[in-house]
Amino acid sequence: MHLADVGHHYGAREVLRDITLDIPEGQIVCVVGPSGCGKSTLLRLMGGLERPDAGAVIQRGETPPGCLNALTYIFQDFALLPWRTVAGNVSLVLEDHAMPSPERRARIADVLARTRLSDFADALPRQLSGGMKQRVAIARALVVNPAVMLMDEPLSALDSQTRELLMDDLVGLWTRTPFTAVYVTHNLAEAVRLGHRIVVLSRRPGEIREIVELAMPLERRGYGDATLERAQQHLWGMMRDEAAAADAELIDA
Amino acid sequence: MPEPGRQVAFRGGGFAPTPRRWVGFAVFAALILLAEWGTRSGVISALTLPRPSDVILTFQELYASGLLFKHLGPSLSRLVIGAVLGVTVGIGIGLMMGLFSYIRAGLVPLVAAIFPIPKIALLPLFVIWFGIDEGSKYALIAFGTFTPTVVATYAAVDNVDRTLIRMGQSFGLSWVSILRKIVLPGAMPGILAGLRISLAIAIILLVAAEMLGAEYGIGAYILEAGALYDLERLFAGVVILSVLGVLVSALIGVIEKHLLGWRS
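Which chain is which? The protein sequence lines are A and B, in order.
Take any residue in the first sequence, note its place counting from 1, add 18, and you have its number in our numbering.
Take any residue in the second sequence, note its place counting from 1, add 46, and you have its number in our numbering.
Take these hints with a grain of salt, some might be off.
Negatives, chain B to chain A, calculated, CB over 12 Å [to be verified]:
| hint | residue |
| --- | --- |
| 1 | R52 |
| 2 | R66 |
| 3 | S91 |
| 4 | L113 |
| 5 | T134 |
| 6 | V135 |
| 7 | I160 |
| 8 | P162 |
| 9 | I243 |
| 10 | D276 |
Under 7 Å between C-beta atoms, here's a sample of chain B residues computed to sit facing chain A [to be verified]:
| hint | residue |
| --- | --- |
| 11 | M213 |
| 12 | P231 |
| 13 | H304 |
| 14 | W308 |
No lab work stands behind these hints: they were computed from the structure.
What you are looking at is a predicted structure, and each value in this text was computed from that prediction instead of being measured.
Each residue gets a CB set at the ideal place from its N, CA and C atoms; glycine is no exception.
Produce the entire structure from the sequences given, and follow the hints as far as they go.
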């Protein structure tokens, strides 16, 4: 997937400018930046939920076999239907595609097993903890076999312990079957744990300041690793002043 | 030996009603017993309030003579047909108003204009349009249930979580799927809350329509009893209406339990 000179406005306010970015297959690209820098807007542009004012978002190469929805989101607030069970929520995104029901059931069972949700197939969202809800959302995204996963602060609504657990889960999922993902977050620890490359955006209008490549394999990155710590320090050094300035800004200014 | 100092006083109570099952029945029973005692002892004169036991006797007579179902049958069929018509059209138009900007812009002022009209005032008009017999009664009840249903439905559609709709779009769900699997279930709590109001209005309009021109029906029965100052029969009729209201409310309760079981 490739972004060419993407720019976007909300009314008179420019939120993104000249974003040119490559998302290589089988890698996780993290996008970090101060709040209000247009990270989430960038993600909405990538998945076609919004139209860029300038530039273009281009999908390259073939979608994987059995792919039902090439660009698939995982939302911060999970976006599960409260009136459907875990299995029903996963099933929802398959129902518009003609497929024999044994295949549908097999697909659902497979992703629930991969996200370790098999025992909760008949539970309703209100019975689940935040971490479990996000696992359901991840299962729902995996079931359509996406080309690119677009993750919008997927762990931000969770407490820090659950966040660690889910990061391990994501690393495990990726190690078994590498997927391509764009991962937007404001949490630098998440970025250095999960990102093969980390894109740092500047304050509004969001422009790419730097792209940091992390060569260390995901499965070897642990909690509190020294190399990651240094990378995180480096990122924070870059963002600190801007984050402070963004924080002091009036929302409607 | 007790610790020195004072224990912190509890101040977090109240403001959290919990269900108390039998209190409602107890209030009913107490009021009826009070009326019975008052009318028997003469504190309440027979002209002010009929004796509850007499009302029950009248009710038994009504049932034994077969007149009960002769009145209840037409009333129920008017209620059901009129309410089903009004609620169906109301939910349909309410959904469209919730979904399409032009339909909403066009119909919101119209609905606001017809909502406050006392529908009973239109009965003569309905008689001309739909005939003196059942047609005008169906139309009156349908029209009366339509407006609150429309307002409740389009407000409920507005309240459907936008992120869920965005999610549906992001997975490439078809428009019909989003409507059927996300918008409609999401709006259901609001629609059912509106239904409670519109069905109560339907019962009121039913009686009004029957008072203005019907041979049989609970409204006609009450009107006749009222004209003769037969308070026992009047109250028997009123009790039927109350029971009808409670039953309708219970019915919606059952539907809510069934459709909204996903809420805690």
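Checked hints:
no.: 1; hint: R52; result: holds (36 Å)
no.: 2; hint: R66; result: holds (25 Å)
no.: 3; hint: S91; result: holds (56 Å)
no.: 4; hint: L113; result: holds (45 Å)
no.: 5; hint: T134; result: holds (22 Å)
no.: 6; hint: V135; result: holds (25 Å)
no.: 7; hint: I160; result: holds (33 Å)
no.: 8; hint: P162; result: holds (35 Å)
no.: 9; hint: I243; result: holds (23 Å)
no.: 10; hint: D276; result: holds (51 Å)
no.: 11; hint: M213; result: holds (4 Å)
no.: 12; hint: P231; result: holds (5 Å)
no.: 13; hint: H304; result: violated (12 Å)
no.: 14; hint: W308; result: holds (4 Å)
Consistency with the previously given hints fails for number 13 only.
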